[in-house]
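S.K.: Residues per chain are reported as follows:
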Amino acid sequence: MSKAASLFHPKRLNLSGFVNTRVIRDNNKRMAVEQHEPERQALRYMIRNTSLPGRVRAQAQLQLSQMHSYTRPTQVKNRCVASGHVRSVFRDFRINRFQFRMQALSGHLPGVKKASW
Amino acid sequence: MFANKTRSLLGAGKNLRKLIAIPNSRSDPTNPEPSSEPRVKEWAERLGALGKDTRLPRSVQAIYMRPLRRKAEYGLPVCDLQLRSYTVENVEFFADFAVRAAYYLNLPVSGPVPLPRIVERWTVPRSNFVHKKSQENFERITLRRLVQIKDGNPKAVQAWLAFLRKHAFYGVGMKANIWEHDSLDVGKSMDESLPEIEKTLGSHLAQFGQRKDNSIEQKMFDTLDNDRFAERKNL
Amino acid sequence: MTTQPHPGIIKAPGQIKNLVPPRPLRPTVKMSQTRLLDLVKTQCRIFSMNFNPQRLRLGNKVLRQRLRGPALAAWYPKKTVAFQDLQNTYKPLGLTTFDEAEDDREEAIQMSVTNILHAVWQYVDTFLLSSAKLRGKGRPKKKRTAAGKVVPDIGFRRRSRTPD
Numbered sequence: 001m002s003k004a005a006s007l008f009h010p011k012r013l014n015l016s017g018f019v020n021t022r023v024i025r026d027n028n029k030r031m032a033v034e035q036h037e038p039e040r041q042a043l044r045y046m047i048r049n050t051s052l053p054g055r056v057r058a059q060a061q062l063q064l065s066q067m068h069s070y071t072r073p074t075q076v077k078n079r080c081v082a083s084g085h086v087r088s089v090f091r092d093f094r095i096n097r098f099q100f101r102m103q104a105l106s107g108h109l110p111g112v113k114k115a116s117w
Numbered sequence: 001m002f003a004n005k006t007r008s009l010l011g012a013g014k015n016l017r018k019l020i021a022i023p024n025s026r027s028d029p030t031n032p033e034p035s036s037e038p039r040v041k042e043w044a045e046r047l048g049a050l051g052k053d054t055r056l057p058r059s060v061q062a063i064y065m066r067p068l069r070r071k072a073e074y075g076l077p078v079c080d081l082q083l084r085s086y087t088v089e090n091v092e093f094f095a096d097f098a099v100r101a102a103y104y105l106n107l108p109v110s111g112p113v114p115l116p117r118i119v120e121r122w123t124v125p126r127s128n129f130v131h132k133k134s135q136e137n138f139e140r141i142t143l144r145r146l147v148q149i150k151d152g153n154p155k156a157v158q159a160w161l162a163f164l165r166k167h168a169f170y171g172v173g174m175k176a177n178i179w180e181h182d183s184l185d186v187g188k189s190m191d192e193s194l195p196e197i198e199k200t201l202g203s204h205l206a207q208f209g210q211r212k213d214n215s216i217e218q219k220m221f222d223t224l225d226n227d228r229f230a231e232r233k234n235l
Numbered sequence: 001m002t003t004q005p006h007p008g009i010i011k012a013p014g015q016i017k018n019l020v021p022p023r024p025l026r027p028t029v030k031m032s033q034t035r036l037l038d039l040v041k042t043q044c045r046i047f048s049m050n051f052n053p054q055r056l057r058l059g060n061k062v063l064r065q066r067l068r069g070p071a072l073a074a075w076y077p078k079k080t081v082a083f084q085d086l087q088n089t090y091k092p093l094g095l096t097t098f099d100e101a102e103d104d105r106e107e108a109i110q111m112s113v114t115n116i117l118h119a120v121w122q123y124v125d126t127f128l129l130s131s132a133k134l135r136g137k138g139r140p141k142k143k144r145t146a147a148g149k150v151v152p153d154i155g156f157r158r159r160s161r162t163p164d
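Chains as they are written, first to last, in full-length UniProt numbering: chain A, 1 to 117; chain V, 1 to 235; chain L, 1 to 164.
Hints in this document: simulated from the structure, not taken from any laboratory.
Please note: incorrect hints may appear among the correct ones.
What the hints assert, rightly or not - Pairs of lysine-lysine, DSS-like flavour, derived with a Cα cap of 27 Å:
1) V:71 to V:199
2) A:114 to V:133
3) L:91 to L:78
4) V:133 to V:155
5) L:79 to A:11
6) V:175 to A:113
7) V:132 to A:113
8) L:41 to L:61
9) V:132 to V:150
10) V:150 to V:166
11) V:188 to V:175
12) V:133 to A:113
13) V:155 to V:199
14) A:77 to L:78
15) A:11 to A:113
16) L:143 to A:77
17) V:71 to V:166
18) V:132 to A:77
19) A:11 to L:78
20) V:132 to V:155
21) V:166 to V:155
22) A:114 to V:132
23) A:11 to L:91
24) V:133 to V:150
25) L:79 to A:77
Claimed, not checked - Computed footprint of chain V on chain A, listed as stretches where at least three residues anywhere in the stretch have a Cβ under 8 Å from a Cβ of chain V:
26) 44–50
27) 105–113
Note that beta-carbon positions come from the ideal geometry of N, C-alpha and C, so glycine has one too.
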């Protein structure tokens, strides 16, 4: 069983800003998650519903586990929009800590100032 | 109270422009020979005489005073408008503008009430982790003002909000909560409005439904075994 | 050593229990179990809730969860109109456009390519000659003695070819 990630490659890249392979890959995962989420939730519902016959639930489990890993929301990782870095990315700004500092110092982030107290 | 109390603030601005512009445009083409005493006075003269002979329209004068307010009869809150900004001047100015606009729309208003500031702070290392000891602090302080409309007509409230959106000020965000009140026999009015709602929603609701012969236990296997699922098994 | 009980501690909890007046019981109305169930059922029907008296795990919490997909998919900024789109629109009309940024970029690439080639050739040259001296990395010149003789090199590094 081949689980080709190429299934999720978009025909045309719909990204702007900083782009590298890992950003593209993460974006592909996000798209796949969005597309397959209702299906996954339906299967999860079947699995958790104890009133359904055991066979159905087992089959649903199998189906869920056979879905492509890209459709799994835990595969998604928040990456820095400005540099593609994964570590210490602020959710508020979608930016890495270093990018945050640079942009804050150059006044690109509204309202963010140097603090001292 | 005032002659033009129904005018909006913008109308007041136009008035001012008219007042200043009229004498310039009133040069009489039929009488090109200027009289010994010119009808049109010089700018400096006119501006100097502004306080003596003439006055600004009341609505313009009001801008220099504290905002006028309508008195709330019942004090029933109808709309909460929250203004947010990172700069004091902007939010103060716009809150004042909102209060004045509410006056001209005949809406009783309370506020602007300064709500607690939202302080967000971040500490980031200045460079690589090696130099973790050298860090930098950043903060963002969000200032908030609450303007509350009391027992106003819902349509007037909508007009007020639309006016504020049209003249939205830079760097000021707006968020409004609106409460609408109905008479005691709500059910009756809801029943009356039902056919109209059904007509608008009908096309959407037609897409939803469940087949009568859809018994869960049998069809579940079919769903799981159908082509769509089976096709993915071979991935 | 005798341990005296602290005066604050009351040793018999049973006594405290007796001090507290019993809670008044709720007024009981005779109501059969089936009627109560019916009531709950009607309640659930009216407020569109699930009637589940046995408290079975029906997995409804999965259905209640909001879909996270749209929020996840909106993380990266999406492509907006680029200059290239403009170029592509005007090309069929026979109009030419000038993208200065693109020209600059290509020029820079050209320059960097020639620079790299130049550097490579230089490196190859020096490598083939295998002379550290040519690359300016040679040993410092030997100090001349009074006898006009060069101090013998004891180290096992090769002498520079060029005479001093």
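S.K.: Each hint needs a verdict: does it hold in this structure or not?
M.R.: Comparing the hints with the structure gives:
Under the criterion of a C-alpha separation no larger than 27 Å, the hint pairing residue 71 of chain V with residue 199 of chain V is inconsistent with the structure, at around 41 Å. Of the supplied pair hints, the one linking residue 114 of chain A and residue 133 of chain V holds, its CA atoms being roughly 17 Å apart against a limit of 27 Å. Between residue 91 of chain L and residue 78 of chain L the CA atoms are separated by roughly 25 Å; this keeps the pair inside 27 Å, and the hint holds. Under the criterion of a C-alpha separation no larger than 27 Å, the hint pairing residue 133 of chain V with residue 155 of chain V is inconsistent with the structure, at around 58 Å.
For a cut-off of 27 Å, the pair hint linking residue 79 of chain L to residue 11 of chain A stands: about 14 Å separates their Cα positions. Distance restraint check for residue 175 of chain V and residue 113 of chain A: the Cα-Cα separation of roughly 24 Å lies within the 27 Å cut-off, and the hinted pair is therefore satisfied. The hinted pair formed by residue 132 of chain V and residue 113 of chain A meets the criterion: a straight-line CA distance of about 21 Å does not exceed 27 Å. Of the pairs offered as hints, the one joining residue 41 of chain L and residue 61 of chain L holds, with about 20 Å between alpha carbons and a cut-off of 27 Å not exceeded.
Taking the CA atoms of residue 132 of chain V and residue 150 of chain V, the gap is about 53 Å. The hint is violated against a cut of 27 Å. Using a Cα cut-off of 27 Å, the hinted pair residue 150 of chain V and residue 166 of chain V holds, with the two alpha carbons roughly 22 Å apart. At roughly 32 Å between alpha-carbon atoms, residue 188 of chain V and residue 175 of chain V are farther apart than 27 Å, so this suggested pair is violated. For the hint linking residue 133 of chain V to residue 113 of chain A, the alpha-carbon distance of about 21 Å falls within 27 Å, and the restraint holds.
Restraint check: the Cα-Cα separation between residue 155 of chain V and residue 199 of chain V comes to about 24 Å, which is no more than 27 Å; the hinted pair holds. Restraint check: the Cα-Cα separation between residue 77 of chain A and residue 78 of chain L comes to about 17 Å, which is no more than 27 Å; the hinted pair holds. Between the alpha carbons of residue 11 of chain A and residue 113 of chain A the distance comes to roughly 41 Å, so the proposed pair goes past 27 Å and is violated. Distance restraint check for residue 143 of chain L and residue 77 of chain A: the Cα-Cα separation of roughly 64 Å exceeds the 27 Å cut-off, and the hinted pair is therefore not satisfied.
With a C-alpha separation of about 26 Å, the suggested pairing of residue 71 of chain V with residue 166 of chain V holds against the 27 Å cut-off. Under the criterion of a C-alpha separation no larger than 27 Å, the hint pairing residue 132 of chain V with residue 77 of chain A is consistent with the structure, at around 25 Å. At most 27 Å may separate the alpha-carbon atoms for a hinted pair to count; residue 11 of chain A and residue 78 of chain L meet this at roughly 15 Å. This hinted pair does not check out: residue 132 of chain V and residue 155 of chain V have alpha carbons roughly 57 Å apart, beyond 27 Å.
Distance restraint check for residue 166 of chain V and residue 155 of chain V: the Cα-Cα separation of roughly 16 Å lies within the 27 Å cut-off, and the hinted pair is therefore satisfied. For the given pair, residue 114 of chain A sits about 18 Å from residue 132 of chain V by alpha-carbon distance, which is consistent with the 27 Å threshold. Between the alpha carbons of residue 11 of chain A and residue 91 of chain L the distance comes to roughly 23 Å, so the proposed pair stays at or under 27 Å and holds. A distance of roughly 54 Å separates the Cα atoms of residue 133 of chain V and residue 150 of chain V; the hinted pair therefore is violated under the 27 Å criterion.
Restraint check for residue 79 of chain L and residue 77 of chain A: the C-alpha separation of about 20 Å stays at or below 27 Å, so the hint holds. Residues of the region 44–50 of chain A lying with their CB closer than 8 Å to a CB of chain V number 1, which falls below the three-residue condition for coverage. For the region 105–113 of chain A, the stated coverage by chain V holds: 5 residues have a C-beta nearer than 8 Å to a C-beta of that chain, and at least 3 were required.
The structure shown violates the earlier hints numbered 1, 4, 9, 11, 15, 16, 20, 24, 26.
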